[in-house]
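Model the placement of chain B on the given structure of chain A, informed by the hints.
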Amino acid sequence: MISKRRRLFLWTVRGAMYLATALTAGLTLFLMLYVLAKGIPNITWELLSTKPSYLSDRIGILPDILNTLYIVIYALILVLPLGVGAAIYLTEYASNQKVVAAIEYAAETLSGIPSIIYGLVGMLLFSNNMGTSLLAGALTLVIMNLPTIMRNTQESLKTVPMSYREGAFGLGAGKWRVIRTVVLPNCVDGIVTGCILSVGRILGESAALLFTAGFAHVVNGFWAARNSAGATLTVALYVYAKEQGEFGVAFAIAAILMVLAFLINLSATFVSKRLGRKNQIG
Amino acid sequence: MKKRTNLFEAVIHGIFLLLGLITVGCVLLITVYLILSGIPAIRQIGLFKFLFGTKWASTAAEPEYGILPFILTSIYGTAGAIVVGVPIGFLTAVYLAKMAPKSVKRFMEQAVSMLAGIPSVVYGLVGMMVLVPGLRNIFHIPDGASLLAAILVLSVMILPSIIKMSITALEAVPKEYEDASLALGATPEETYFRVSVPAARSGIAAAVVLGVGRAIGEAMAVMMVAGNVPNMPGSLFQSVCFLTTAVAKEMSYSSGLQKQALFSIALVLFLFIMLINAALNFFLKGDKNK
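From first to last, the protein sequence lines are chains A and B. Quick note: the first sequence, position 43, residue 43 per our numbering, numbers continuous. For any residue, its number in our numbering is found by taking its place in the second sequence, counting from 1, and adding 282.
Next up, chain B with everything else stripped away, as it sits in the complex:
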C-alpha cells in the first residue's frame, strides 16, 4: 500500500516537473528554430553584406539583402519614442506615486491600464486616420506616413509600461528617506526629485528598458503608419521600414532566399530583444540587492 502511494506521488511530481519545464522548453525551441532558420540566408548573403548592406531590394531581378536601413530605423525609432515618451511617463509616474490625490490616482491608474489594453491595430488605425494626415498638413509633406509618425505612435504605446513600472519603483522607496529630507527643510518636490527618484533609479531604468523592448518589438501599429519603404533613415519625414515591419510586410508572399532572409531579420531582432532582456534583469537585480 505504502509503495503504491509513493509511486503515485512520484508520478504526479514528475508530471508537474514536466509542466514546469515546458516554459524552458518553449524558450529553447524558439531560440533553436530562429537560429536554424536564420543562419542559412546569412551564410549565403554573407554576414557583413547582410548586416551592413544599405540596400534592400528583395524582389529585384538581382536581389540585394542589406538590412542596415531596418536596423537603423529600429534604433532611431526606438530612441525617438524613448525621448518623447520617457519624460512624459516619468513625470506622470512621480506625480501619481507621490503627490496625486487618491481619486486622481485611482482614475489615472484605470486610464493607464486602459492605454495598455488598447490593441496595437487600434493605435495603428488612429495613427493612420489622425496622425498621418495631421503631419502632412502641419509640415506640408507629400505623405505623412513617416518615421516621425511611427515615433509618436510608439511613444504613446510605451507610456503604460513606463508609468506602471516607475510607480512601483517609486512606491518602494523607504518612507524614512523622504521624511528625513522633509525634516531638513526640503520642499516635497525637492524631496521627490532629489531623494526618491535617485533611490528608485534602477527601477526607473528598468522601466525605460522595458519601454525600449516594447518599442523595438512593435509591428502592426508601426506597419500602419511608417510607410514601409526600405529607405535609409535620413530625416524624420521619410517613409521607413522597421525590423519588425520588414518581416511582417513580405512574409505572406515571399519564398526561397527572400523568405530565409526574413528569418535572418527576425534572428537579428531576437538578438536585440535578448540584449534588452539581459539589461532589464541587470537593473531589476540591482533593485533587489539594495
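Just chain A, with the same shape it has in the complex:
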C-alpha cells in the first residue's frame, strides 16, 4: 500500500508534468494557428509579385522574397566548402589533439554567440569595407552557420566505416583520392542535413542582417544583387510591423515564414530518419 504522502507526491508530480506538456503543445499550436489565421487572408498574388510602390500606396514583398533566396544561396555556396573542409580535417587528417580541441572549442563558441553580435562584427568587418549589401550579410551568415555545417558533416563522416577507407588505401589510393571517392560520397546525407538546418537558421535570422544587408526593397538579378542592400523576409517583417505599423503585411510574411519553418522541419526529420540517427536541431 502506498502511503498518503507518497500518493500526494505522485499525483502532484504527474499533474505538473501533464500540465507542462499540455502548455508546451498548446503554445506551439496557438502560435502556428494564430499566425496562419491572421496571415493567410493577407497573402495575395499582388503582394507576392510586386515591389512596394509609393505612387499607388501598396506593398509588395517580391524583393524581400528574392533577397532571402539570394542570401540563402550566397551563404550556402560560401559556407559549404569551409564547413565540410573543416569537418574533413577534423575526422580524416587531424592527429594533434590540441588542434582538434581548439577547433571544436571555437565551433562551440561560435554557436553560442548571439546574432546581434554577429550583426555588429559583420558591420565592422564586411559592411564598412564593401558597403551594406547582400554579400556582406551573407558573409556574416557564413560565420554563423559554419559550426552547423561542420558538426553535421562530422557526425556523418564518423559513420563511414573505417574498412571502406582501408579498402581504398589497400588498392593503392592516396589520401585525397580516398576522401574524394570514398569518404565524401558516403557523408552526403550529413551535409544535406547541415544545409537544411542552415537554411532554417538563415530564414529566421534578422538581428545579424539588420546592419549588414540593410532594408532596401529593390528587385535585382541574382548576380547584381550581391552589391545592393536588401531586406530579407524577416527584416521586412520587422520594419513593417515595428516601424510602419503595416500589420497585415507583417502577418502575411509571418505566415510564409511559418510555413517555410514547418517544411524545413519536415525535411530535416525526413533526412535524419534516413540517416537513422537522432534529430538534432538547434
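Any given hint could turn out to be false.
[Said to hold, decoys possible] Simulated pairs of lysine-lysine, BS3-like, Cα-Cα distance not exceeding 30 Å: (1) 531/B with 51/A; (2) 38/A with 531/B; (3) 158/A with 384/B; (4) 387/B with 457/B.
These aren't lab readings, by the way, just hints derived from the structure by calculation. Computed from a predicted model, the values in this text were never measured in an experiment.
Relative to the frame of chain A, chain B by itself:
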C-alpha cells in the same frame, strides 16, 4: 613520381588544415574586433561610470553613458525567463523522456522542433499583437510593452533548448539505476524524479545554462515587446531596454562616441556570453567524466 604525390598530398593536407583553422580564426577575429572597438568609449567615459552609471542619455546635449539599467534589465529579464521557462521545460522533458507514449513523444518532438524553428521576429510580432495588449487589459497599465512582456516571450523562446537538452541528458541515464529503484518498490514517478533527475543533473544544468545564453542574447523579439526606454528596472510593468536592444535600437543612426559606446555595450554582452559558454562547458564536461 613518389615525391610529386607526396607534395600533392601535403598541399591538400595544408588546405584542409587551413579550412579547419578558419573557425578558430573567426572566433579570434570577433574577439579582437569587439575588444578593439569596445575599449575606446570605455576609456573615454571611464569604466566605473560606464558600468555603474544609472542614466543612459546618449542623444542629450550633455550625453551620459551609464549602462547599469541595461545590465540589470538583461539579468532580471533572463532570470525571469528562467523562472518561468525552466519548470515548464523541465517537467515536459521528464514526461517526454520517461513516461510519454511513443505517439505523444513523436508529436511533441515535432512541436518542440517547430517552436525552435519559428523566427524571433514572429515571436516579436505575436508578442506585440497578443501579449502587449493583453497585459495592458489584464493589469490596467497604460502600456503593455514592459519587462514582463519580454520575460514571457523569452520564456517561450528558451523552451526548445531546455526541453531538447534535458531529454538528451535524461535518456542517457543508465537503465539499471531506474530498474534498481523500481525493484525496491518506488513508483515510476519517484524513480524518475529521485533517481533519474539527480543522475542527469549536470546535463539538466547545462540545459538551463543554454537557456540563459539564448535569453540574454535575444534581440529582435525583445525589441518588439519591451518598450525600449532605458529605465532602471524597478517593476515588471516598466518599459525597459536590454543590452541587446540598446545596441540594436541606436545602431542605425548613431555616430561618434555614441556609436563607440554601443560597441562597448556589445563587448559587455560578449563577456557575459563567454562566461555562460564557460559554465556550459563545465557542466557538459561533468557529464562526460561521470
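Status of the hints after comparison with the structure:
1. The straight-line distance between the Cα atoms of residue 531/B and residue 51/A is roughly 26 Å, inside the 30 Å bound, and the hint therefore holds.
2. Proposed proximity of residue 38/A and residue 531/B is supported: the alpha carbons are some 27 Å apart, at most 30 Å.
3. Of the pairs offered as hints, the one joining residue 158/A and residue 384/B holds, with about 29 Å between alpha carbons and a cut-off of 30 Å not exceeded.
4. A C-alpha spacing of about 19 Å is found between residue 387/B and residue 457/B, which places the hinted pair at or below 30 Å, so the restraint holds.
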